[in-house]
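These are the residues of each chain, in order.
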Amino acid sequence: MRRVRGWVFRLGELFGKEQRERELAAEMESHLQMHIEDNLRAGIAPEQARREALMKLGGIEQTKEMIRERRGLPMIEVFLQDLYFGARMLRKNPGFSAIAVMTLALGIGANTAIFSVVNTVLVRPLPYRDPGKLVWVDEYWPRMNDDMVPNPDYTKWNLHNHHFEEMAAYDGGSQVNLTGAGEPERIESVSVTANLLHVLGVKPSLGRSFLTEEAQLGGRRVALLSYGLWKRKFGGDPNISGKAVTLNKESYTVIGVMPPDFRFPDRRANPQILLAFQLPPKVDWTAKSLALTQVIGRVKPGVTLTQANAELAALSQQTNADIPAMFIHMRDGLQVHVTGLHEKLVGDVRPTLLILLAAVAFVLLIGCVNIANVQLARTASRQKELAVRAAIGAGRGRLLRQLLTEGALIAASGGVAGLLVAAGGVRLLRAYAPTSFLQIGPITIDTWVLFFAFGITCLTAMVFGTVPALRASKPDVIANLKEGRVVSEGGYGQHRLRSVLVISELALAVVVLVASGLLIRSFLRLSNVDPGFDSNNLLTVSTALPETKYVAPAQRRAFFEEVLQRVSKLPGVRSVALTSSLPLTNYAQIDVFAIEGEPNKPAGTRPMTPVEHVNPGYFRTLRIALLEGRVFDDTDSRPETRVVILNKVFAQRFFPNDDPIGKRIRFGPTESPWSTIVGVVGNVRHTGPDREAEPQVYVPYAGNPPSTAMLAVRTDSDPRNLAAVVRDQVTAVDTEQPVFGVSTMEQRVLDSLSGPRFNTTLLGFFGFVALVLAVGGVYGVVAYFVALRTHEFGIRVALGASQRNVVGMVMTQGIAMTAAGLGLGLGGAFALTRYLSTLLYGIRPTDPITFAGVALILAGAALLACYIPARHATRIDPMVALRCE
Amino acid sequence: MGERADVWQGTLALMVLKTLQALGPLHGYGIARRMEQTSGHLLAVNYGTLYPALLKLEQEGYISSEWGASDNNRKAKYYKLTRAGRKQLDKEAREWEQTTEILARFLAPGKESA
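Chains as they are written, first to last, in our numbering: chain A, 370 to 1254; chain B, 2 to 115.
Everything labelled a hint here was simulated from the structure, so no lab data went into it.
Since this is a predicted model, take the numbers as computed values, not measurements.
Beta carbons are placed, not taken as given, at the ideal position from N, Cα and C, and that holds for glycine.
No incorrect hints appear here.
Non-contacting residues of chain B with respect to chain A, defined by C-beta distances greater than 12 angstroms in every case (computed):
id, residue
1, A23
2, A94
3, R95
4, W97
5, E98
6, T100
7, E102
8, I103
9, L104
10, A105
11, F107
With a straight-line Cα cutoff of 27 angstroms, these simulated DSS-like cross-link-like pairs (lysine-lysine) come out:
id, chain 1, residue 1, chain 2, residue 2
12, A, K433, B, K76
13, A, K651, A, K669
14, A, K386, B, K76
15, A, K572, A, K713
16, A, K425, B, K81
17, B, K81, A, K386
18, A, K970, A, K1032
19, A, K425, B, K78
20, A, K612, A, K600
21, A, K425, B, K57
22, B, K57, A, K386
23, B, K76, A, K425
Per the computed footprint, the stretches of chain B lying under chain A, defined by three or more beta-carbons under 8 angstroms from a beta-carbon of chain A, are:
id, region
24, 27-38
25, 48-56
26, 73-83
So here's chain A without its partners, still in its complex pose (with noise of 0.2 angstroms):
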């Protein structure tokens, strides 16, 4: 009670402070005054009476600081005076200060724009219903080297497993042709079970969700629009449900939205539009052509991955009594995979994040020990003034809190300015980092993102104030106060501690730079890689002709010979390639074949290659290589005819030994006729440059036309110019025929390399950012080293030392903290970059090249931050040094 009264009246000693001061001044006065007449009456001289009577009483100023500690509240008061009192030193310093905020917000807004990518990807729960008990389900087929599973697969699982709540399924998506609502368009579906909404616990924000009935063979055609087609395609009207759409000529009747944030749960699929997925309600394997389905399921509770993996593993095996022979050969060795839903989506990209968030991190860390160092300094040239408050009665708590508060105050204004930096970084990020991270949720700064800047906020206040507080707070009172000098003699001590911290911020930048000089190689060798094919100067267009529509091949060919006379007769226009499967579009179709003269494979068994349909001048357009034979001409145009062109690696492969030319091999089932190789062309790397070529075919797209053709056109300039003339020459033959893909191969090519190219750009940023601090942290301190002995450079110089003495000795300072950073650095480089190795391509993570080069660079802007204070040390006129002190 007492305590708490005690406190009250020290809340209110807080103010009228001048007059309590007065007071306080005039009780000590009063008490000297009666303790020396008191000695006086006692005898005692007059100088000693006033002398004894202080000493008693233990300092006037010492006293009314105890007395002040007790008053009022002094935690608050000593923290607004050392408020206060740090903001008038920054103020004194506004280099330091500008610099040092600077160093931070930039530190601080990095770090926290890269948290709130790994906060949306990694840490924030998926958007559905208690999202930890969705899982992903897969079957690898070690025959096929391929993950699928075959509908009967799914509803085997759906009608016989004990351990899950729910299970659904979806296909892999596909691209329909949306017409009578404006302009035709090409658009993204994924065909869903009944039940996928409720598993994921999302409900149409207009509208219902299917029924079960309409998910069954024959069901009606039903359609949910995302909520982005409903307000762009249909202006978001409310009374859209019960309405058609036509979707590939087909009508469907829609039944709802989406709502706006609804993202579906597979990175790959991106729908405007939900269908039904209509499947056989019994698991039947004889069905004339099988879905592969995508699985999703929600567990009950307290069962754990495992079990459910094993329960789903052995209803799989059942399976294999009732199937087709040719299954079985397929399912040889077959495993079931369950997997959290989370990890599926964002398992891959976890560990580029992670990396990013450490490198990111050190570059804070590098900052933090730069502006420590700074402060070292700063501090040691205020030891006089820290003498001289220990003097009059500061205790070392109370100088540290000084220290301290300073040190906070910075930090919270670089931390206030980081955030800015990171709603800038934050805007950058969304547009430019790889769809990868996209596609999983929004990227904002949320609490938890707010929560982490200001704990590294916090953090590195503490990391850059501790230490020169620690050393500061501690001055030797007297010696300080004799020297005359501001540098004093306590500053070699912290000269050691300052090349301490210079060493460890060279040594966290060098493997920062290790992995930024990584990637940079990896990224070149990958922008290096021969494709296989010319992506200048090359336009592409995709369109895909409905099969209701284009029913016989003959129609197919008659829409694409006539797309292919309009656009080849365009001025600008070199040549025309038309193909089924453009590189880089990860579109491809997949046959088995046989070659004539070897045993007969089973079925199942049988290899598997890409087909790629294309016209005469395919290679031509894309100046693919031919290496043997010849590449196809009008002849092969005739459907009857049967050739077939190789890539090199297919040739390598399946005719180890002998010419192919003129061998034959036939395509699909056992009875269809066979087809005579006439060439052999150079690999093309299809789905990207870091994947090597893969064995690959082609065949005259005149025999069987592809229903969805790309086109890629060979222009004499900029392609984009042409965009619009060969879209209208697609339009022109068909009106209701959307174009789609338009784009640049060379676009295609960047945007294949965005991952990379994105990691390397951050990375060597970050890499350039730690090169640049850590080297002016090497600068400051040997800056610092020669402030600090002016005087004794003057007496060297004045006894007759030569430029190349002084040199030398500032530079053996300068070489042996570089070295021993560096070799910190090399040794923590080549512990960490294996974790690199995820990301690199064609390089190894500890490529000694980069080691080297990394090496050198450091080693070289370091030396060179070490020579000009050397050279400088050089100038020091010997009267000016000597004069000084």
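Keeping the supplied structure of chain A fixed, place chain B upon it in accordance with the hints.
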């Protein structure tokens, strides 16, 4: 000064309260002198340490202060006990006696056997 004892906070407060009870209103210097005399100069009180203790007692409401004139007509700040101070003094003195009694039993030789 060799044999003089240090004073710690709690007892210092008790001594201040007792002094004020015995002598009535008194200034800081007077309290310090009185304590020194009473202790037979066995206590080494740095007079300065008295003032924070006085301030604490005042904040807790056990004593109050006002400015007055000293014997030599010098202006001085006089401290006096409040009602709460008197009660606190009784309580602390009792506690102190108890403590010393207990300690005395421990320290006095041969008493346990009785």
